[in-house]
Amino acid sequence: MSLHAMAANVLGGLTVAGIPAEGGGEGETFQAPGTEVFYWPVIAGQDSSWAITRPAVVLLISVGLIGWFFIRMSGRRLAVVPSKGQFVGEIAYDFVRNTIAKDIIGGKDFIRFVPLLMTLFTVILVNNVFGIVPFVQYPTMSRIGFPIVLTLIVYLTYHAVGIKTKHGIGTYLAGLIPPGLPGWLKPIMFVLEFLTYFVIRPLTLALRLFGNMLAGHLMLLVFIVGGEYLLLHGDNIGLKGAGVLSFAFSIVMTFFELLVEFLQAFIFTLLSALYLSDAVSEHH
Amino acid sequence: MTGSIAYLGYGLAAIGPGIGVGLIFAAYINGVARQPEARGMLQTIAFTGMALTEALAILGLVFAFIFKG
Numbered sequence: 003m004s005l006h007a008m009a010a011n012v013l014g015g016l017t018v019a020g021i022p023a024e025g026g027g028e029g030e031t032f033q034a035p036g037t038e039v040f041y042w043p044v045i046a047g048q049d050s051s052w053a054i055t056r057p058a059v060v061l062l063i064s065v066g067l068i069g070w071f072f073i074r075m076s077g078r079r080l081a082v083v084p085s086k087g088q089f090v091g092e093i094a095y096d097f098v099r100n101t102i103a104k105d106i107i108g109g110k111d112f113i114r115f116v117p118l119l120m121t122l123f124t125v126i127l128v129n130n131v132f133g134i135v136p137f138v139q140y141p142t143m144s145r146i147g148f149p150i151v152l153t154l155i156v157y158l159t160y161h162a163v164g165i166k167t168k169h170g171i172g173t174y175l176a177g178l179i180p181p182g183l184p185g186w187l188k189p190i191m192f193v194l195e196f197l198t199y200f201v202i203r204p205l206t207l208a209l210r211l212f213g214n215m216l217a218g219h220l221m222l223l224v225f226i227v228g229g230e231y232l233l234l235h236g237d238n239i240g241l242k243g244a245g246v247l248s249f250a251f252s253i254v255m256t257f258f259e260l261l262v263e264f265l266q267a268f269i270f271t272l273l274s275a276l277y278l279s280d281a282v283s284e285h286h
Numbered sequence: 185m186t187g188s189i190a191y192l193g194y195g196l197a198a199i200g201p202g203i204g205v206g207l208i209f210a211a212y213i214n215g216v217a218r219q220p221e222a223r224g225m226l227q228t229i230a231f232t233g234m235a236l237t238e239a240l241a242i243l244g245l246v247f248a249f250i251f252k253g
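So the protein lines, in turn, are chains Y and Z.
Under this note's numbering, the first residue of the first sequence is numbered 3, with each subsequent residue one higher.
Under this note's numbering, the first residue of the second sequence is numbered 185, with each subsequent residue one higher.
These are computed hints drawn from the structure, not numbers from a lab.
Model, not experiment: these values are computed from the prediction.
We treat Cβ as the ideally placed atom computed from N, Cα and C, and that holds for glycine.
Among the hints, a few may not be true.
Label pairs and their computed distance ranges (CB to CB) [claimed, not checked]:
no. : chain 1 : residue 1 : chain 2 : residue 2 : range
1   : Y       : N238      : Z       : A198      : 51 to 57 Å
2   : Y       : K86       : Z       : T186      : 53 to 59 Å
3   : Z       : Q219      : Y       : V201      : 42 to 48 Å
4   : Z       : A211      : Y       : G36       : 23 to 29 Å
5   : Z       : P220      : Y       : N238      : 48 to 54 Å
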């Protein structure tokens with residue numbers, strides 16, 4: 003498929019808000035936007051074992067942007083008085099290194115995990131913010147496949163680190179039980195801790211990011227599409243006024259989304275660091 | 185009136201986590217007001233607690249979409 007079609011598809015994000023309402027017929031009944039707004043036609047590779055979709059293109063753009071930004075920053079000589087770009091990069095790195103990694107993992111272990119945490123933080127943050135950037139307007143993480151892959155990386159890392167720290171799978175599993183428990187409580191605690199480590203942690207880590215991005219984007223769509231419907235198809239001046247109000251509120255909600263998007267990137271990285279710190283500590 | 189009762193269920197399921205998140209940040213604000221120098225440490229704990237509490241609401245949202253029928 004040509005680059006043209008890809009660009010058209012990405013740029014088509016501007017009209018995403020208009021699709022469900024227009025598709026519902028000229029103003030007979032209001033069709034609230036549902037999860038179908040996240041489904042977009044496959045850009046390339048429909049009949050093969052691989053395919054490029056719109057979120058994949060957004061992800062590639064974000065990776066390119068992050069790579070360009072940091073390679074450009076590290077390529078030139080770093081100034082003592084930073085330029086604007088260097089300033090932003092330094093703030094992001096300082097935030098991940100000191101506020102997240104150092105405070106939570108601590109000791110001399112934390113520096114090993116800073117590259118992983120920094121990558122997670124920047125990728126999630128840029129992809130989330132793409133949800134409200136004009137012309138892109140697609141939060142990649144609202145498709146469950148992307149959070150699952152990120153979670154899988156964290157999941158495999160903290161188990162591998164844990165097994166390496168405890169010198170073997172047997173001692174790692176035995177280490178799940180908190181010390182100082184009476185004998186009859188140990189099997190119950192083991193089942194609970196096992197479920198926490200192997201099922202609940204990865205599940206909630208992936209679903210939290212996915213759910214927040216999906217719900218936030220849908221909420222914006224409801225305000226914008228609903229406002230458009232009220233304004234264009236409202237019967238009286240009151241309904242039209244409500245439409246204007248809905249549009250105004252959608253702007254407020256966009257800024258709220260910006261906060262949520264940052265918070266989710268922060269929380270994902272924070273929890274990853276927390277799980278890693280559990281894995282590197284010798285005793286539970 | 186037509187619709188899916190799953191969404192109503194999600195509304196009910198969001199009450200508990202809502203109260204929980206409120207309690208967590210109330211405690212956080214109290215802590216920072218009493219000891220402003222503990223802000224950094226409390227912030228991490230507060231956001232971790234919020235993430236764990238919020239997980240319940242997120243599960244509710246996902247189940248609402250799964251069971252909408």
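- Task: Could you tell me which of the hints above the structure violates, numbers in ascending order?
- Result: 1, 3, 4
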